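Engineer: Spelled out from the first residue to the last, the chains are:
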Amino acid sequence: MKKTTNTSRWLLGLLAVGCAAGPLLPPSLSAEVSDADFNALKDLVQKLNDQVQSLRQTNQLVQQQHAQDVQQLNELQSKLAETQQTATAAEQKSDAAVQTQSQPSLRAPLDEATVNRNFQILGDAEFQYINADHQNGSFLLSDFAPIFLYRGGDNILFEAGFDTTLANNAPGSGGYTTTFNLSFAQLDYVITDYLTLCAGELLLPMGTYSERGAGWLNKIPEDPLAVDALLPGSGIGAELRGALPMGDAGKLFNYSVFCVNGPGSSDGTGNAGSLDLGGNVGVRSDGIAANLHNNPGGGGRLAVFLPFKPRYDLELGVSAMVSEWDNAGSHLWSAGVVDAALHLGPNFELKGEYIVSRYGSDDLGTINQYGWFVQAGYKLAGLNLEIPGINNLEMVGRYDSLHDGLGTTTDRYSIGGVYYVTSALLLEGYYDFINSTDPTQPSNQLILQISYGF
Amino acid sequence: MTKFTLLTTWGRTMCAAVVVSGWALSLYAADSPAGATSATNAVETAASSPVPGAAAGKKQLTGAELYSIHCNRCHPERYPTERTAAQWKTIMLHMQVRASIPGKQARLILQYLQENSGR
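These protein sequence lines are chains S and V, in that order. For the first sequence, my numbering gives the first residue as 508, with consecutive numbering after it. For the second sequence, my numbering gives the first residue as 7, with consecutive numbering after it.
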């Protein structure tokens, strides 16, 4: 390359010298160059020029080839590095495999019951504000109620529900109290397609509210008066339950039979005021495991579920329970519930329960109690209105009544609605009109609640 | 009549009622013309899957139909995509017990949920 450049420089210099010397020569000398010689010289110069151009092009091609060679060399070096890394990793894996083979094999899971994916959390959370007549409005409730599920195979399930709430302490004492309650904890063993054995702290199927009314499931924040006052929500014992299909149209016959400790007496006596529907869990305060009375209680529910088509159905049920309740076992407590639920499409629901209860006592004889509620809801999406947000709104109303058998009668009308932000996040607002012979009851109250089901 | 006698009598009556009712309804279920009510169940979800037994004149409810029938009884329906297939298996067992759904129907609902699950 350098040689070619020198040659071209030499030729061009010779040509330049010739051209410059031409005018300086004497006319006689210049005249001695013939035309033929001049043309020959011209052709020679032209050929030399062509050779110079050809050499330049050749030089450019050589430079391009050199650049390509350098790029290929870099790529090859990069691939070589990758190959070396791969080889190193393979060597490490090989070493690890050798070590693994030399160790005893890990215990394989016996079945899918040992796999952690069978654990699941459901539940709900509520935040509530209430403003009652003649009382200060307050953020009344913060409730977190998880349900833990663990599936031990295809037919065994353990489920436990908790309820964690915050509440102000009583007047005169500072701070607040956190309560942590076990709502239910039961082991379910699905024996056949139609029969399941449940054992533990059970939600009692007295009506349907106790099993289907928790948290965000019910559209009204407060429980019906009669459900709270007349029925035990849960009990420790065992239960057989299931459903028998009636044809292929989805109709079912539901049944449940249970045996639990039953209600207890808060002070051990048989006086009417000591009936404790939520007590008697099997362990006394002195640590001794014991039913507070001699014999357990028992009950059951029979129901038919009649779907006409999806989202159109009627359910009718009857349930009853009887148990001793005082420590001496000298008095019986019993209750019966008739429940019904009707769905007419995805937008309308009507349900209610009628509850009766009676129990004997030392001081007041037989106490007869009863109450009932009827609740209706309609989702405005059924109106097909083109108003923003209206399709997420459901209007709900409920009337419930309680006669406690001790001289107090309470009637309550609840009117309000639910705004479904999503199918699981609910904004609820209700106004209660309360008529009660109990002077401590408020006459009216406003309740706002945010519910989230997960 | 003593209290214990009351309990015993009540318990026997209850058990007898359950057994007799279950037996009678099982007979009814076995003899019931399955196609009699099938027409009313041919709803919006019916087109989503072929109907087993249709060729024989019988119609069995699909998992999607059973999902619409049962889940709406207690709470707003949840989207199948909200849970994974494994999560639905555990949740469905919980619902089978809580809502007293027969095992065969529960399996059809589970199949529908898993086929349309999030992952």
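Honestly, the hints are just simulated from the structure, not real lab data. A portion of the hints provided could be inaccurate.
[Said to hold, decoys possible] 27 Å max Cα-Cα, derived DSS-like pairs, lysine-lysine:
#, chain 1, residue 1, chain 2, residue 2
1, V, Lys110, V, Lys95
2, S, Lys600, S, Lys586
3, S, Lys758, V, Lys110
4, V, Lys95, S, Lys758
[Stated by the list, open to error] Residues of chain S clear of chain V, computed beta-carbon distances all greater than 12 Å:
#, residue
5, Thr565
6, Leu568
7, Gly720
8, Glu746
9, Tyr762
10, Thr776
11, Pro817
12, Asp820
13, Gly924
If you're wondering where the values come from, they're calculated on a predicted model, not measured in any experiment. Note that the Cβ used here is the ideal one computed from N, Cα and C, for glycine as well.
Engineer: Each of the hints needs a verdict: does it hold here or not?
Structural biologist: Right, here's what the structure says about each hint:
The straight-line distance between the Cα atoms of Lys110/V and Lys95/V is roughly 14 Å, inside the 27 Å bound, and the hint therefore holds. With a CA separation close to 21 Å, the supplied pair Lys600/S and Lys586/S stays within the 27 Å bound. Proximity of Lys758/S to Lys110/V is assessed by CA-CA distance (about 13 Å); at most 27 Å being required, the pair is judged to hold. With a CA separation close to 23 Å, the supplied pair Lys95/V and Lys758/S stays within the 27 Å bound.
Every CB of chain V lies more than 12 Å from the CB of Thr565/S, the least distance being 64 Å, so the non-interface label holds. Remark: the non-interface label on Leu568/S is consistent with the geometry, its nearest Cβ contact in chain V lying 58 Å away (cut-off 12 Å). For Gly720/S, the shortest C-beta to C-beta distance to chain V comes to about 9 Å, within the 12 Å cut-off, and the non-interface label is violated. The beta carbon of Glu746/S sits about 10 Å from the closest Cβ of chain V, which is not more than 12 Å, so the claim that it is off the interface is violated.
Not every CB of chain V is more than 12 Å from the CB of Tyr762/S (nearest about 5 Å), against its label as outside the interface. Look at Thr776/S: its CB is around 17 Å from the nearest CB on chain V, clear of 12 Å, so calling it non-interface holds up. Here Pro817/S does not stay apart from chain V, with its beta-carbon only about 3 Å from theirs, under the 12 Å limit. The beta carbon of Asp820/S sits about 7 Å from the closest Cβ of chain V, which is not more than 12 Å, so the claim that it is off the interface is violated.
For Gly924/S, the condition that its CB be more than 12 Å from all CB atoms of chain V holds, with the nearest at approximately 14 Å.
The structure fails to meet hints 7, 8, 9, 11 and 12 from the earlier list, while all remaining hints are met.
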